[in-house]
Each structure stands twice: as C-alpha cells, then as structure tokens.
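Participant: Assemble the complex: chain F is given as a structure, and chain D with the ligand must be docked to it using the hints.
Protein chains in written order, with my numbering: chain F, 54 to 312; chain D, 52 to 331.
Source of the hints: derived by calculation from the structure; they are not laboratory data.
Where hints are given, some of them may not hold.
[To be verified] Only pairs whose alpha carbons sit at most 27 angstroms apart, straight line, appear in this in silico DSSO-like list of lysine-lysine: (1) D:LYS133 to D:LYS104; (2) D:LYS95 to D:LYS133; (3) D:LYS104 to F:LYS229; (4) D:LYS95 to F:LYS301; (5) D:LYS104 to D:LYS285.
[As the list claims (entries may be wrong)] Quick list of simulated restraints, FRET-style, between CB atoms: (6) D:GLN273 to F:TRP214: 36 to 46 angstroms; (7) F:VAL226 to D:GLN273: 31 to 41 angstroms; (8) D:PRO304 to F:TRP136: 49 to 59 angstroms; (9) D:GLN182 to F:GLU261: 54 to 64 angstroms; (10) D:ALA311 to F:SER107: 44 to 54 angstroms; (11) F:HIS251 to D:LEU217: 44 to 54 angstroms.
Computed from a prediction, not measured in an experiment: that's the story for all the values here.
Backbone N, C-alpha and C fix where the C-beta goes; we use that ideal spot for every residue, glycine too.
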Amino acid sequence: MRLSAQQEALERYLATGDSVIPHELMEQIQGSNTLPAADGLMIYHNAYRARLLSVLREDFPALHRWMGDESFAQLALAYISAWPPRHFSLRWLGERLPEFIRGYIAEPQRSPMIEFATLEWAFTLAFDAPDTEPLSLDVMSRFSADDWVNLRVYLTPSVRWLQLQHNTVGIWVAAKAEADIPDVVALSTPLDCLVWRHELVCQYRTLESGEASALRLLSDGGSFASMCENLVGQHGEQAPLRAATWLKQWIGEGLLQRR
Amino acid sequence: MSKSNTLGFGLGLRSEYYQQILEQRPEVDWFEIISENYMVGGGKALYFLDAIKEQYPLVMHGVSLSIGGPHEIDADYLRQLKTLADRVQPCWVADHLCWSRGSAHHLHDLLPLPFTQESLLHVASRVRLVQDVLQRPLVLENVSAYVQWKTSCMSESQFLAELSSLTGCEILLDVNNVYVSSRNQGFDPWQFIMELPHGRIRQIHLAGHSDYGHYLIDTHDQPIADPVWTLYSKTLSYLGATATLIERDDHFPPFDELLAELSKARSISANALRAAAPCA
Ligand SMILES: [Fe+2]
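Next comes chain F alone, as it looks inside the complex:
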C-alpha cells in the first residue's frame, strides 16, 4: 500500500465515530507484545475525540455548564463529525458551533442556544483580535475645533455587536459564576450587547436603545454633529451634553478608533 493510501486509511478511521478498525488499516499496522495493534489504534482514536472535546469545553465553558456534561459532549461530538477541523490551529475549532446548533437542536431551545454559543464565541474572537491604537481620552482632550468637525470613527477590530432576543447575558453570568441558572425568557425588544477587548482584557456591556443607535450612527462614519442632531428629538438642549458624555465613555472603554 502506498503512503497516501495508508494515511487515508488511518485518517478515515480516526475521523469517523466508528471504533471498529477497518480490515485494510489493520493489515498495515504492527503492534507489540505489550501494546497490540488494535489497542494502539484505539489510543489514537480516543485521543482524537478527547482532544477536540476538551478544546470545545474550554472555548464554550458557560454553554458546557448550562447544558451539562453529557448533553454538551453529545452536541460536541456530533459537531466534530459534521465539521471536522479545517484550520491548522485548534483555536478555530468551535467557529461553526453556533451555526451547527441551528440544524441540530429543535425549538424552543434552538434560538436561545444559538444566541448563547454566539455570545461565548464572541469572547474567543475578541480575545485575540488584531491589536489596534484606540482613540484615547488624552488625544480627545487635545482636540481642536476642526478635529471635532472632522472626527470620524470605526469600532475597534475586537468589537462584536450582538442583538439578543433572550436573557442570554443573565444566563451566561450565572453559568460563569457557577450559580443557579435562570430559565430562558424571551425579551420584548432585542437588547444590544457589545463584547470587546480593552487593553488585554475581554469586556462586555449591554446598551439601551438610545445609546445603541447613537453609537451605530457614529461608528458607521457619521460626524459628532450629526450624532448630536439625532439626539435633539429626545434630549432637546441636552443633546450635545448627552453626546459628549457617551463619546467620552466609549473612548474610555477603548471601543473607538479613528477612520
């Protein structure tokens, strides 16, 4: 048997959930008195799944806690056989788990669980997103009048913006704290939630809808003046103050960088 055929036989055996060793593979393998071929192959077979499972447990610790070990393992193993690793780094193993849940779990659990897995994966993405130079309060304090007129910003690359339909944040906080996990509740209006990294630490925060639309407008490239104008309807004369307070908070949190 040629090298590539030998490798294909072992690959197929490792990646299928079936632990029965195919005859054509067994014929190629030599064991020893202390470790027979079938036992040696089983070590690789078990190690493949155990390694991937432990990566998913680490990347989705709260989902793991929420579902319980057995259900999580079932989900994870089904996911691994549907989406075997496609990236050289195990860091990307869980990338498609939220999407996989869509086809694997039925309502009413499906939507909250997708949302939950998406929230947890957002932390993984924020954790090692590209470094950047966020706009700082120090720089802002030295803005000239022209700087204020010309200011245009992006969200920093680590920011994930989620719109939650359920009390997902509450469940996540409880699962992380290993506290009693509340029941799923659907929200009457979607809740905006940001996950990002500031300096080296991952952060999250929910936004009430006024703040969310103001941040959306600004980070889509709107000017500070247009953000103020937008706030006049609700805040009247206080609009510029409201806008400045939010801007200062966003900058302090490391959410913005200059375009």
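Facilitator: Just chain D with the ligand now, with coordinates in the frame of chain F:
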C-alpha cells in the same frame, strides 16, 4: 555544532506562567514557544511574547506543519510561521517528524509515518521547501508512537539520520518520547539514541508520561520519570552539553516545581559531563 553554543536549560512557555516570568525573572536560560499559539492577530499571547523575548532567548516549536502529511504544505501556515519567526527571532524553529493532517482535514495529533524510502523522499522534498522559506535548517523531533507501520524498513532514528543527511535538517531528541515508544513497541531505547547522528542534535526534550502498566502514554502532565532521567544522563555522556528543555502541558504545578525539575536536569547534566570528560 560546538559545545559552547548550547542554550542551556529551558522551559516551555505557557500562559499560566506569563505573569510570574515577567515579575520574577526566574533563572531559566531560554523558553520554547508553541508557534501556533502566537499565530493570532493580537491580545495577551503576543503582548507577553514581545515582553518575554526582551528578556530571554526563544525557540519556536510547532505542532501543525505536518511535514509527512499527504496534503500540500499549507502555504498560508508557512507564511505565518515565517512572519512569526521574523518577529521572534528564535534560536531555531522546530516541529515533529510526523503527520498531523490528512487529505480531508486536520487531525491535530502527531501521527507516526511508515519509515520507508517512499516516506523519506516525500518528507525530504517538503523539508527542503520549508527550509527555503524559513531560510534556516528545520529541527525535527521524534514523536511518541503507539503503533508502527508494517511497511517500515528502518527505525525512526535511522530515518532521521537519513533525512538529516539528505536535507541538512537538525534533530530535536525527545528522550521521553524515545522511552515511551520503546516501552510500547519493545525496542531498545539506547540503540535508538546511538543510531542518531549526534552532531545534528540541536536540542533535547524531557517530559513526563502516564504509565498504564502494559503501555505508556505521553501526557506531559507529570514529573519526569526516573528511567527517562537515566536515559538523559547516559545520552549526555555521549552528546556533550546539549540544550535541554522541560515540557509541561497539563496539571500545571507551581512554577517553583518546574524550576526544581530544571535544577535536577542541570545537575544530572553536570555529573554526566564530568564523568564523561577524558582524563587529563
Ligand atoms: Fe517533545
């Protein structure tokens, strides 16, 4: 390789110890990084990498090259490896003599190759390609194995010797892996070490394994076992001073325990070298 250019005694750099390393500047001669952990956009890993490389020599150790795999060498991976090497300026770049990726997807394990002429030509051409990109010799490590291929017509150490003479690649001798494989497959670990081209051994690995009675598993979650220390000492009496690294990948003990294990390596090495010194 002259004896004076050994790096001394190092530890695997793991995130569990980042803070302590920067704050306490422990007496470790060098650190070895897992290359893939730093192939990311930014954040904590790269922050600590940059800080620690200011204070210690670093060596890069990869797990995903899959030098013996049935696929093409991943150009994107190789580009990222080169970018990382340019950033880190490591003393050398290592990976394993194995395959870790199949034709369809990644298997994330260090799988054994059949040691045949066909494998030798396959691996040699890929080593040359990698060395051309990295602009330096690749260092390849013997792995722990739980099976062998019946088609093998030479030992892993003979294979490494041939590969090194064909390509100029260097060798990372993992003494624990030699011991684990020798117990699992019933070969003589000392013969394995004697078959290697000693002048090409750039580095040694030491690590712990789990003993299941009939067989051993290379778990890197235990202190180094006595037979591995013995083999290490005997090896050094032949090789002379050689850069030595302790790997720990799970059940992380307090950092002081790893430092104590490193001191043990230093003293075993000193004794072995003293005993082996020719009479004046
Ligand atoms: Fe090793």
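Participant: Do the Cβ positions of PRO304 (chain D) and TRP136 (chain F) conform to the proposed distance bound of 49 to 59 angstroms?
Facilitator: 35 angstroms Cβ-Cβ, so the 49 to 59 angstroms window is violated.
Participant: Mind checking the hinted window 36 to 46 angstroms against the Cβ distance between GLN273 (chain D) and TRP214 (chain F)?
Facilitator: holds, 45 angstroms
Participant: Using the beta carbons of GLN182 (chain D) and GLU261 (chain F), state whether their distance is inside 54 to 64 angstroms or not.
Facilitator: holds, 58 angstroms
Participant: Would you say the C-beta atoms of ALA311 (chain D) and SER107 (chain F) sit inside 44 to 54 angstroms of each other?
Facilitator: violated, 28 angstroms
Participant: Taking the CB of HIS251 (chain F) and the CB of LEU217 (chain D), does the distance hold inside 44 to 54 angstroms?
Facilitator: At 51 angstroms between Cβs, range holds.
Participant: Holds or violated: are the alpha carbons of LYS133 (chain D) and LYS104 (chain D) at most 27 angstroms from each other?
Facilitator: Within the cut-off at roughly 17 angstroms; holds.
Participant: Would you check the hint for LYS95 (chain D) and LYS301 (chain F), treating anything up to 27 angstroms between C-alpha atoms as holding?
Facilitator: holds, 25 angstroms
Participant: Checking one constraint from the list: CA of LYS104 (chain D) to CA of LYS229 (chain F), max 27 angstroms. Satisfied?
Facilitator: violated, 34 angstroms
Participant: Verify the proposed pairing of LYS95 (chain D) with LYS133 (chain D), using a straight-line Cα cut of 27 angstroms.
Facilitator: This hinted pair holds, its Cα atoms lying about 21 angstroms apart.
Participant: Has the hinted range 31 to 41 angstroms been met by the Cβ atoms of VAL226 (chain F) and GLN273 (chain D)?
Facilitator: holds, 36 angstroms
Participant: For the pair we were handed, LYS104 (chain D) and LYS285 (chain D), check the Cα-Cα distance against 27 angstroms.
Facilitator: violated, 32 angstroms
The earlier numbered hints that this structure contradicts are 3, 5, 8 and 10.
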